[in-house]
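Student: Take a look at the letters that make up each chain.
Protein chains: 2
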Amino acid sequence: MMETITKSNQTNITAEPGKMEIIVVKEFDTDRGFVFKAFTDPYLYAQWIGPIGSAIKIEKFEPRDGGSYRFLQKDKNGKVFAFHGVFHEVLFPVRIIRTIEYEKLSTRGHVELDTSKFELLPGNRTRLIIHSVFQSVEDRDRIINSDFNKDMNEKFERLEELISKSITSWDL
Amino acid sequence: MMETITKSNQTNITAEPGKMEIIVVKEFDTDRGFVFKAFTDPYLYAQWIGPIGSAIKIEKFEPRDGGSYRFLQKDKNGKVFAFHGVFHEVLFPVRIIRTIEYEKLSTRGHVELDTSKFELLPGNRTRLIIHSVFQSVEDRDRIINSDFNKDMNEKFERLEELISKSITSWDL
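Going line by line, the protein sequences match chains S and E.
Counted from 1, the first sequence has number 91 at position 105 by the numbering used here; the numbering is strictly sequential.
Counted from 1, the second sequence has number 157 at position 171 by the numbering used here; the numbering is strictly sequential.
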């Protein structure tokens, strides 16, 4: 029964041609306080932010207005990626606005502005809307043409597992 | 003679219809180290960031990667506006990437990502490019339809005055 409900919460990714933005919408079968926590608690965040098979090392994580963060992501082949940014706003349990930069030696200065909104739905459910704005259409397309859809689906699959485990352990 | 050179450095503002961005280009008759300093030294910044006749009060100014800032701007009629944000990157004398939010009680969460680039030109001159990205076309248009062009021109007029005063006092 749980399985059926989970599968109905499909990830909706919108990236219109020629635009500088990506909009990701996903619903979860838990309250927005918990989904928000999964974005702001470094121990929870590390468990789902990478695709399946990847490992995350959080170096810095200050989820508050003006805080900074940096984390490393090691994929299943051992390749390491780094990401960092600043939190412009962390407003529990409603909204997170932050910058994100994927660190690559030759192309620094390409930054994304992410707004994550956590909407309350009836039945203790949550609608997450992640709105990402890029500095150019090219920057946006580079992200979309990587494994964006696959990675996002895998992350959310892991986040749902985390939610379902947490609900189970809470119920025990 | 100085007057003629100054007036030739016109401000070029691009805001294409339907886009989420504004591009401002302006050249200055001084080295980029000084223009960069005018963006990162709070005492200099306060002297030019508001339009003519306005007063600035800097509450917080941490021009470094991960730093925050907040300042108040009082216009000539005594009306006070507040702005705040975070510095994603402050790379002397090349680039500043930061967020900006104009604080209005009813509309929080509307944030702009600004990239300022300071390009070295021959003859000890500087090309400043400010690239602002908004969360929506509506947010961009609201800014453009305010006194954006007039304000920007006035700010740069004040910045040029500051530069010319500084050069004069340096030369003394």
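It is worth saying that the hints were derived from the structure and are not from the lab.
Any given hint could turn out to be false.
[Claimed, not checked] Derived DSS-like pairs: lysine-lysine, alpha-carbon spacing no greater than 27 Å straight-line:
(1) E/K103 / S/K90
(2) E/K5 / S/K5
(3) S/K151 / S/K90
(4) S/K103 / E/K5
(5) E/K151 / E/K43
(6) E/K103 / E/K65
(7) E/K46 / S/K46
(8) E/K151 / E/K46
(9) E/K5 / E/K60
(10) S/K43 / S/K62
(11) S/K103 / E/K136
(12) E/K141 / S/K5
(13) E/K136 / E/K5
[Said to hold, decoys possible] Rough simulated footprint, nothing fancy, chain S against chain E, three-plus residues with beta-carbon under 8 Å:
(14) 13 to 24
(15) 80 to 86
(16) 109 to 122
(17) 130 to 138
We put the CB at the ideal spot given by N, CA and C, even for glycine.
Student: Hint by hint, say whether it matches the structure.
Tutor: Results for each hint:
1. Note on E/K103 and S/K90: the hinted pairing holds, with a Cα-Cα distance of about 19 Å set against a maximum of 27 Å.
2. Of the supplied pair hints, the one linking E/K5 and S/K5 holds, its CA atoms being roughly 8 Å apart against a limit of 27 Å.
3. With a CA separation close to 35 Å, the supplied pair S/K151 and S/K90 exceeds the 27 Å bound.
4. With a C-alpha separation of about 23 Å, the suggested pair S/K103 and E/K5 falls inside the 27 Å cut-off, and the hint holds.
5. For the hint pairing E/K151 with E/K43, the CA-to-CA distance comes to about 21 Å; that is within 27 Å, so the pair holds.
6. As the CA atoms of E/K103 and E/K65 are separated by approximately 31 Å, the hinted pair breaks the 27 Å bound.
7. This hinted pair checks out: E/K46 and S/K46 have alpha carbons roughly 23 Å apart, not beyond 27 Å.
8. Among the hinted pairs, E/K151 with E/K46 is consistent with the structure: their alpha-carbon atoms are about 26 Å apart, no more than 27 Å.
9. For the suggested pair E/K5 and E/K60, the alpha carbons sit about 30 Å apart, so the restraint of at most 27 Å is broken.
10. At most 27 Å may separate the alpha-carbon atoms for a hinted pair to count; S/K43 and S/K62 meet this at roughly 14 Å.
11. Taking the CA atoms of S/K103 and E/K136, the gap is near 34 Å; set against the 27 Å cutoff, the hint is violated.
12. Of the supplied pair hints, the one linking E/K141 and S/K5 is violated, its CA atoms being roughly 30 Å apart against a limit of 27 Å.
13. At roughly 21 Å between alpha-carbon atoms, E/K136 and E/K5 fall within 27 Å of each other, so this suggested pair holds.
14. Coverage of the segment 13 to 24 of chain E by chain S is violated. Counting CB-CB distances below 8 Å, 0 residues qualify, and the rule asks for three or more.
15. A count of 3 residues in the segment 80 to 86 of chain E with a Cβ less than 8 Å from any Cβ of chain S is obtained; the coverage claim is therefore met, three being the minimum.
16. Requiring three or more residues with a Cβ within less than 8 Å of a Cβ of chain S, the coverage given for the segment 109 to 122 of chain E holds, as 4 such residues are present.
17. A count of 0 residues in the segment 130 to 138 of chain E with a Cβ less than 8 Å from any Cβ of chain S is obtained; the coverage claim is therefore unmet, three being the minimum.
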